[in-house]
Amino acid sequence: MEQPELVQSLDLPSTSSLLTRRAACNQKGSTKAKGVSLEEAGSDGSEVTTTSSSTSLVGGNMPDSKVASLDSTGMELEEINKGNERESKDESLYDCNICLDTAKDAVVTMCGHLYCWPCLHQWLLTRPNNKVCPVCKSSINKDKVIPLYGRNSARRDDPRNRVPPRPAGQRTEPEAGYPNFGFGDGFFMFFGIGGFPFGLLTSSINIRERRPPVPGRYRGRNNGQTRNEDEQTLSRMFLYLAFILIAWLLFA
Amino acid sequence: MAQNISPEQSGAGGGGSKHSDDSLPVKDNHAVSKRLHKELMNLMMANEKGISAFPDGENIFKWVGTIAGPRNTVYAGQTYRLSLDFPNSYPYAAPVVKFLTSCFHPNVDLQGAICLDILKDKWSALYDVRTILLSIQSLLGEPNNESPLNAQAAMMWNDQKEYKKYLDAFYEKHKDT
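Quick mapping for you: the protein sequence lines, in order, are chains A and B.
1 is the number of the first residue of the first sequence in the UniProt record's numbering; add one for each residue after it.
1 is the number of the first residue of the second sequence in the UniProt record's numbering; add one for each residue after it.
Hint data in this document are derived by calculation from the structure and do not stem from the laboratory.
One thing to keep in mind: the hints can contain errors.
[Stated by the list, open to error] Simulated pairs of lysine-lysine, DSS-like, Cα-Cα distance not exceeding 25 Å: (1) B:LYS38 x B:LYS164; (2) A:LYS131 x B:LYS62; (3) B:LYS161 x B:LYS173; (4) A:LYS131 x A:LYS144; (5) A:LYS104 x A:LYS142; (6) B:LYS122 x A:LYS144; (7) B:LYS62 x B:LYS38; (8) A:LYS137 x B:LYS161; (9) A:LYS137 x A:LYS104; (10) B:LYS161 x B:LYS122; (11) B:LYS120 x B:LYS62; (12) B:LYS34 x B:LYS120; (13) B:LYS120 x A:LYS137; (14) B:LYS49 x B:LYS62; (15) B:LYS122 x A:LYS142; (16) B:LYS161 x B:LYS38; (17) A:LYS104 x B:LYS98; (18) B:LYS175 x A:LYS131; (19) B:LYS120 x B:LYS98; (20) A:LYS104 x A:LYS131; (21) B:LYS38 x A:LYS104; (22) B:LYS120 x B:LYS165; (23) B:LYS122 x A:LYS137; (24) B:LYS62 x B:LYS98.
[Unchecked claim] From the derived model, a few chain A residues whose C-beta atoms are all more than 10 Å from chain B: (25) GLN122; (26) VAL132; (27) PRO134; (28) LYS137; (29) VAL145; (30) PRO147; (31) ARG151; (32) TYR240; (33) LEU245; (34) TRP248.
Yeah, the Cβ is synthetic: ideal placement off N, Cα and C, and Gly gets one too.
Please model the complete structure; the sequences and the hints are all you need to start from.
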């Protein structure tokens with residue numbers, strides 16, 4: 001790797017001695033003169049640089065060449081280590097900035113920062129009013145994110161079109177004692193008002209809780225959303241009714 | 001927070017992930033702990049001077065960190081222990097960071113709560129334990145006296161000699177904590 005460069009500067013005494021130390025392990029016992037080795041080095045390139053002044057001078061002194069070889073293996077090891085370091089750094093170049101893992105379904109923002117699409121999607125969802133790049137805080141949005149396709153990426157579709165893995169809604173089933181007497185959602189209010197203080201409680205709780213459409217129940221009818229809204233207005237109405245009732249009880 | 005995104009919004013693409021609805025919360029937790037494990041590895045490899053952190057017992061979601069008082073400040077020579085509590089929505093939401101060692105500082109209250117923008121509204125998913133601890137370390141030397149949690153400390157900050165004296169007395173008093 002570094003040899004060609006050294007060959008070019010062979011005329012400098014210091015580098016040439018460096019080179020020869022490195023070379024000593026490759027061709028032990030070579031007795032070529034320095035001038036010859038230089039000539040050959042010039043004509044044949046790095047391969048030939050294995051001949052050396054030190055070997056020619058010491059003339060096959062084994063201990064010395066052993067030292068030299070040990071030295072050079074040390075250097076090589078160092079080089080390998082450096083290479084590995086570089087490699088691991090290269091790997092982390094393609095890590096998602098959010099999960100710190102190698103980016104899956106990689107997308108890159110206009111500001112050049114790499115993310116897994118699921119990670120970035122989640123980030124955008126957590127702050128719908130303040131969509132900024134986590135790294136540089138420049139404003140980003142879904143349509144300006146560029147998907148990246150590697151050569152062997154199995155799926156060629158746009159990662160943005162896939163619904164990313166997301167946590168399921170934190171919906172808990174209504175507990176017992178929260179009656180729903182089979183009249184369908186929304187009608188249990190009637191009972192609530194009968195037992196007035198508890199009824200008030202139920203209705204007020206109900207109004208704060210957003211009810212996600214129950215999976216499976218409204219599927220196919222496509223009106224889960226409107227049902228939900230109807231329910232909300234209904235329960236609000238009953239809340240007002242309850243207030244009027246209280247007022248009436250107090251003042252009557 | 002992240003768990004409570006309205007289903008209609010994120011499901012707009014056609015409900016493709018419904019097959020794994022049940023396993024998802026677990027998987028999500030797994031992603032959080034995976035990231036925390038990665039951070040722990042990075043932190044141990046980086047061997048940053050002046051800061052350290054490690055999970056507190058079995059639970060990877062609770063860490064204890066230490067920071068050394070920055071040099072050339074009144075806090076030099078002190079070591080502070082902090083607790084880091086990671087929510088399930090980490091790194092989309094910031095961890096709750098508190099001083100365990102009592103700390104007399106304009107932006108730290110006597111219960112250990114820290115007023116630092118990156119732990120509140122300026123939080124970014126990019127920040128990790130290392131950057132948090134480094135930020136707190138630099139906060140020690142450069143308090144924001146505009147919005148103090150400890151008004152007395154903010155008032156005294158201008159006179160550093162007096163501050164240092166008070167600080168020494170403060171630590172003498174709180175030696176056991």
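Hints, verified against the model:
Of the pairs offered as hints, the one joining LYS38 (chain B) and LYS164 (chain B) is violated, with about 39 Å between alpha carbons and a cut-off of 25 Å exceeded. A threshold of 25 Å between alpha carbons decides the hint, and for LYS131 (chain A) with LYS62 (chain B) the separation of about 29 Å lies outside it, so the pair is violated. Proximity of LYS161 (chain B) to LYS173 (chain B) is assessed by CA-CA distance (about 19 Å); at most 25 Å being required, the pair is judged to hold. Under the criterion of a C-alpha separation no larger than 25 Å, the hint pairing LYS131 (chain A) with LYS144 (chain A) is consistent with the structure, at around 12 Å.
Of the pairs offered as hints, the one joining LYS104 (chain A) and LYS142 (chain A) holds, with about 17 Å between alpha carbons and a cut-off of 25 Å not exceeded. Straight-line distance between C-alpha atoms of LYS122 (chain B) and LYS144 (chain A) comes to about 23 Å, which keeps the hinted pair within the 25 Å bound. Distance hint between LYS62 (chain B) and LYS38 (chain B) is fulfilled; the C-alpha atoms sit about 15 Å from each other, no more than 25 Å. Distance check on the hinted pair: LYS137 (chain A) and LYS161 (chain B) sit about 39 Å apart at the alpha-carbon level, beyond 25 Å; violated.
As the CA atoms of LYS137 (chain A) and LYS104 (chain A) are separated by approximately 22 Å, the hinted pair is consistent with the 25 Å bound. With a CA separation close to 33 Å, the supplied pair LYS161 (chain B) and LYS122 (chain B) exceeds the 25 Å bound. For the hint pairing LYS120 (chain B) with LYS62 (chain B), the CA-to-CA distance comes to about 18 Å; that is within 25 Å, so the pair holds. Among the hinted pairs, LYS34 (chain B) with LYS120 (chain B) is consistent with the structure: their alpha-carbon atoms are about 23 Å apart, no more than 25 Å.
Distance hint between LYS120 (chain B) and LYS137 (chain A) is fulfilled; the C-alpha atoms sit about 15 Å from each other, no more than 25 Å. The suggested pairing of LYS49 (chain B) with LYS62 (chain B) holds, with an alpha-carbon distance near 22 Å, which does not exceed 25 Å. Annotation: proposed proximity of LYS122 (chain B) to LYS142 (chain A) holds, straight-line Cα distance about 21 Å (limit 25 Å). For the hint pairing LYS161 (chain B) with LYS38 (chain B), the CA-to-CA distance comes to about 42 Å; that exceeds 25 Å, so the pair is violated.
Among the hinted pairs, LYS104 (chain A) with LYS98 (chain B) is inconsistent with the structure: their alpha-carbon atoms are about 34 Å apart, more than 25 Å. Under the criterion of a C-alpha separation no larger than 25 Å, the hint pairing LYS175 (chain B) with LYS131 (chain A) is inconsistent with the structure, at around 45 Å. Distance hint between LYS120 (chain B) and LYS98 (chain B) is fulfilled; the C-alpha atoms sit about 13 Å from each other, no more than 25 Å. Between LYS104 (chain A) and LYS131 (chain A), the direct Cα distance comes to roughly 21 Å. Compliance with the 25 Å bound is thereby established for this hinted pair.
For the suggested pair LYS38 (chain B) and LYS104 (chain A), the alpha carbons sit about 16 Å apart, so the restraint of at most 25 Å is met. Restraint check for LYS120 (chain B) and LYS165 (chain B): the C-alpha separation of about 32 Å exceeds 25 Å, so the hint is violated. The straight-line distance between the Cα atoms of LYS122 (chain B) and LYS137 (chain A) is roughly 10 Å, inside the 25 Å bound, and the hint therefore holds. Taking the CA atoms of LYS62 (chain B) and LYS98 (chain B), the gap is about 12 Å. The hint holds against a cut of 25 Å.
Once the 10 Å rule is applied to beta carbons, GLN122 (chain A) is inconsistent with being away from chain B; the minimum gap is 6 Å. Distance to chain B contradicts VAL132 (chain A) as a non-interface residue, since its nearest Cβ pair spans about 8 Å, not more than 10 Å. Listed as outside the interface, PRO134 (chain A) is inconsistent with that label: its C-beta sits roughly 4 Å from the nearest C-beta of chain B, within the 10 Å cut-off. The beta carbon of LYS137 (chain A) sits about 7 Å from the closest Cβ of chain B, which is not more than 10 Å, so the claim that it is off the interface is violated.
Once the 10 Å rule is applied to beta carbons, VAL145 (chain A) is consistent with being away from chain B; the minimum gap is 15 Å. The Cβ of PRO147 (chain A) lies farther than 10 Å from every Cβ of chain B, with a closest approach of about 14 Å, so its non-interface assignment holds. With 10 Å as the threshold on Cβ separation, the claim that ARG151 (chain A) sits away from chain B holds: the shortest Cβ distance comes to roughly 25 Å. No Cβ of chain B approaches the Cβ of TYR240 (chain A) within 10 Å, the least distance being about 26 Å, so the stated non-interface status holds.
For LEU245 (chain A), the condition that its CB be more than 10 Å from all CB atoms of chain B holds, with the nearest at approximately 33 Å. Every beta carbon of chain B lies more than 10 Å from that of TRP248 (chain A), the smallest distance being close to 37 Å; the non-interface claim holds.
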